[in-house]
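Colleague: Here are the chains, one letter per residue:
There are 2 protein chains.
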Amino acid sequence: MLSYIFGNKKATEVAHLIWERIVRKGDTVIDATCGNGYDTLALLRMVADESGLGRVYGFDVQKVALENASSLLEVSVNPNEKELVKLFHRCHSEMAEVLPEDTSVRLIAFNLGYLPGGDKSVVTESQTTAEALTVAKEILMPGGLISLVVYVGHPGGREELETVEEFCWKLPVENWTCCKIQMLNRQLAPILVFLFKKC
Amino acid sequence: MLSYIFGNKKATEVAHLIWERIVRKGDTVIDATCGNGYDTLALLRMVADESGLGRVYGFDVQKVALENASSLLEVSVNPNEKELVKLFHRCHSEMAEVLPEDTSVRLIAFNLGYLPGGDKSVVTESQTTAEALTVAKEILMPGGLISLVVYVGHPGGREELETVEEFCWKLPVENWTCCKIQMLNRQLAPILVFLFKKC
Numbered sequence: 001m002l003s004y005i006f007g008n009k010k011a012t013e014v015a016h017l018i019w020e021r022i023v024r025k026g027d028t029v030i031d032a033t034c035g036n037g038y039d040t041l042a043l044l045r046m047v048a049d050e051s052g053l054g055r056v057y058g059f060d061v062q063k064v065a066l067e068n069a070s071s072l073l074e075v076s077v078n079p080n081e082k083e084l085v086k087l088f089h090r091c092h093s094e095m096a097e098v099l100p101e102d103t104s105v106r107l108i109a110f111n112l113g114y115l116p117g118g119d120k121s122v123v124t125e126s127q128t129t130a131e132a133l134t135v136a137k138e139i140l141m142p143g144g145l146i147s148l149v150v151y152v153g154h155p156g157g158r159e160e161l162e163t164v165e166e167f168c169w170k171l172p173v174e175n176w177t178c179c180k181i182q183m184l185n186r187q188l189a190p191i192l193v194f195l196f197k198k199c
Numbered sequence: 001m002l003s004y005i006f007g008n009k010k011a012t013e014v015a016h017l018i019w020e021r022i023v024r025k026g027d028t029v030i031d032a033t034c035g036n037g038y039d040t041l042a043l044l045r046m047v048a049d050e051s052g053l054g055r056v057y058g059f060d061v062q063k064v065a066l067e068n069a070s071s072l073l074e075v076s077v078n079p080n081e082k083e084l085v086k087l088f089h090r091c092h093s094e095m096a097e098v099l100p101e102d103t104s105v106r107l108i109a110f111n112l113g114y115l116p117g118g119d120k121s122v123v124t125e126s127q128t129t130a131e132a133l134t135v136a137k138e139i140l141m142p143g144g145l146i147s148l149v150v151y152v153g154h155p156g157g158r159e160e161l162e163t164v165e166e167f168c169w170k171l172p173v174e175n176w177t178c179c180k181i182q183m184l185n186r187q188l189a190p191i192l193v194f195l196f197k198k199c
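If you read the sequences in order, they're chains A and B.
All residue numbers for the first sequence refer to the working numbering, where the first residue is 1 and numbers rise by one.
All residue numbers for the second sequence refer to the working numbering, where the first residue is 1 and numbers rise by one.
I should point out that these hints are in silico values taken from the structure, not numbers from a laboratory.
If you're wondering where the values come from, they're calculated on a predicted model, not measured in any experiment.
Please note that a few of the clues may not be correct.
Derived DSBU-like pairs: lysine-lysine, alpha-carbon spacing no greater than 35 Å straight-line [as the list claims (entries may be wrong)]:
#1 B:K25 / A:K197
#2 B:K170 / A:K120
#3 B:K10 / A:K197
#4 B:K120 / B:K197
#5 A:K9 / B:K63
#6 B:K63 / A:K10
#7 B:K198 / A:K10
#8 B:K25 / A:K25
#9 B:K10 / A:K10
#10 A:K10 / B:K137
#11 B:K9 / B:K82
#12 A:K9 / B:K25
#13 B:K82 / A:K10
#14 A:K170 / B:K25
#15 A:K137 / B:K9
#16 B:K198 / A:K9
#17 B:K10 / A:K25
#18 B:K9 / A:K198
#19 A:K9 / B:K120
#20 A:K170 / B:K170
#21 B:K120 / A:K10
#22 B:K137 / A:K198
#23 B:K9 / A:K9
#24 A:K9 / B:K10
#25 B:K82 / A:K170
#26 B:K120 / A:K198
#27 A:K170 / B:K9
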């Protein structure tokens with residue numbers, strides 16, 4: 001975290017460090033935007049152990065993203081571990097529909113923007129992001145975290161950030177800590193938002 | 001730092017933790033807004049050792065603030081340590097004028113707003129804050145930090161934050177990391193801004 005302030009870490013690295021402080025072996029977590037699967041893999045490594053209880057539910061509306069994520073997992077973990085990841089070619093606003101009933105979700109991670117290396121005209125949209133956050137808020141367990149890395153350099157990126165901020169403003173301070181971390185002299189740098197559901 | 005995201009620490013506590021990672025014994029540091037002296041005291045404890053080389057230069061435009069800071073130091077440290085603090089009843093925009101020539105300054109701390117418990121009509125002003133930041137930028141050593149805790153709940157608070165942000169936007173990314181940390185669902189919570197001058 002301090003490394004970020006001192007310019008030695010990237011936003012995604014900071015996000016991973018914070019996830020590591022929250023996520024435990026055997027947890028259920030959600031990668032709301034699989035992209036090329038780097039977050040999915042990082043999350044899997046945090047929840048996987050010999051108990052086989054850990055689960056990573058991954059979502060993306062782009063088939064190519066899920067294929068990339070699946071390939072990355074294939075070459076990075078053993079088949080038993082890969083089994084702990086459930087990938088869905090669906091919008092993250094539908095995440096509650098595929099989860100087993102009464103699942104306690106420790107972390108829900110969003111990467112908002114377009115697929116790196118993919119079709120830049122396909123971006124996450126403010127409307128479905130707002131819907132997904134509303135769902136995420138409900139299914140997250142107390143002591144859990146919603147983590148957002150918001151890219152703002154593409155058309156619609158700023159509006160999506162505003163949608164996230166508006167969502168945060170309404171979260172009651174008694175139950176939520178909503179922290180936004182931003183690089184002021186790098187206008188296109190991703191913005192970090194962490195929503196912690198108090199115990 | 002993580003404690004802040006999880007709602008367990010106050011903004012000023014986070015600032016102190018970050019200062020501790022930067023400031024070394026024997027350093028020269030500046031408390032640009034002494035207030036009641038709590039930051040001055042914290043800084044003194046970070047720089048003071050038996051070498052007697054450490055210095056804290058403190059500024060405030062309110063005499064009562066300097067009296068309070070002086071009293072706090074009186075009861076908190078021994079006279080030798082207190083000697084390492086130099087308090088000035090001057091605006092922080094004049095900080096360079098009282099420093100010995102060629103002083104390397106490791107940290108410059110600002111608390112923007114009004115004096116807690118004091119006259120709420122006396123607040124730091126955007127114009128002198130901008131001037132002070134321009135001076136601070138020059139006298140800070142590479143590897144040093146400008147730390148700002150910006151209170152926004154009083155009239156003019158938001159404008160002052162904008163002044164700080166405008167100042168940050170112009171700092172070249174090659175030489176500066178400018179990180180803003182904000183609680184999104186606590187509109188009146190102080191905002192943290194850390195400007196790290198790269199080595």
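Colleague: Each hint: holds or not?
Modeller: Hints, verified against the model:
Distance check on the hinted pair: K25 of chain B and K197 of chain A sit about 39 Å apart at the alpha-carbon level, beyond 35 Å; violated. Distance check on the hinted pair: K170 of chain B and K120 of chain A sit about 29 Å apart at the alpha-carbon level, within 35 Å; holds. Pair hint K10 of chain B plus K197 of chain A holds up; C-alpha atoms about 17 Å apart against a cutoff of 35 Å. For a cut-off of 35 Å, the pair hint linking K120 of chain B to K197 of chain B stands: about 33 Å separates their Cα positions.
For the hint linking K9 of chain A to K63 of chain B, the alpha-carbon distance of about 42 Å lies beyond 35 Å, and the restraint is violated. Of the supplied pair hints, the one linking K63 of chain B and K10 of chain A is violated, its CA atoms being roughly 44 Å apart against a limit of 35 Å. The hinted pair formed by K198 of chain B and K10 of chain A meets the criterion: a straight-line CA distance of about 16 Å does not exceed 35 Å. For the hint pairing K25 of chain B with K25 of chain A, the CA-to-CA distance comes to about 41 Å; that exceeds 35 Å, so the pair is violated.
Proximity of K10 of chain B to K10 of chain A is assessed by CA-CA distance (about 25 Å); at most 35 Å being required, the pair is judged to hold. For the suggested pair K10 of chain A and K137 of chain B, the alpha carbons sit about 24 Å apart, so the restraint of at most 35 Å is met. Proposed proximity of K9 of chain B and K82 of chain B is supported: the alpha carbons are some 28 Å apart, at most 35 Å. Between the alpha carbons of K9 of chain A and K25 of chain B the distance comes to roughly 26 Å, so the proposed pair stays at or under 35 Å and holds.
For the hint pairing K82 of chain B with K10 of chain A, the CA-to-CA distance comes to about 41 Å; that exceeds 35 Å, so the pair is violated. Taking the CA atoms of K170 of chain A and K25 of chain B, the gap is about 44 Å. The hint is violated against a cut of 35 Å. Our distance criterion of 35 Å between C-alpha atoms is met by K137 of chain A and K9 of chain B, whose separation comes to about 23 Å. The straight-line distance between the Cα atoms of K198 of chain B and K9 of chain A is roughly 14 Å, inside the 35 Å bound, and the hint therefore holds.
Taking the CA atoms of K10 of chain B and K25 of chain A, the gap is near 30 Å; set against the 35 Å cutoff, the hint holds. Restraint check for K9 of chain B and K198 of chain A: satisfied, since their Cα atoms lie roughly 14 Å apart, inside the 35 Å limit. In summary, the hint linking K9 of chain A to K120 of chain B is not supported, as the alpha carbons are separated by about 40 Å, beyond the 35 Å threshold. Using a Cα cut-off of 35 Å, the hinted pair K170 of chain A and K170 of chain B holds, with the two alpha carbons roughly 32 Å apart.
Taking the CA atoms of K120 of chain B and K10 of chain A, the gap is near 40 Å; set against the 35 Å cutoff, the hint is violated. As the CA atoms of K137 of chain B and K198 of chain A are separated by approximately 38 Å, the hinted pair breaks the 35 Å bound. The suggested pairing of K9 of chain B with K9 of chain A holds, with an alpha-carbon distance near 23 Å, which does not exceed 35 Å. Among the hinted pairs, K9 of chain A with K10 of chain B is consistent with the structure: their alpha-carbon atoms are about 24 Å apart, no more than 35 Å.
Distance restraint check for K82 of chain B and K170 of chain A: the Cα-Cα separation of roughly 47 Å exceeds the 35 Å cut-off, and the hinted pair is therefore not satisfied. A hinted pair counts as satisfied when its Cα atoms are at most 35 Å apart, and K120 of chain B with K198 of chain A qualifies at roughly 33 Å. Between the alpha carbons of K170 of chain A and K9 of chain B the distance comes to roughly 22 Å, so the proposed pair stays at or under 35 Å and holds.
Checked against the numbered hints given earlier, the structure breaks hints 1, 5, 6, 8, 13, 14, 19, 21, 22 and 25 and satisfies all the rest.
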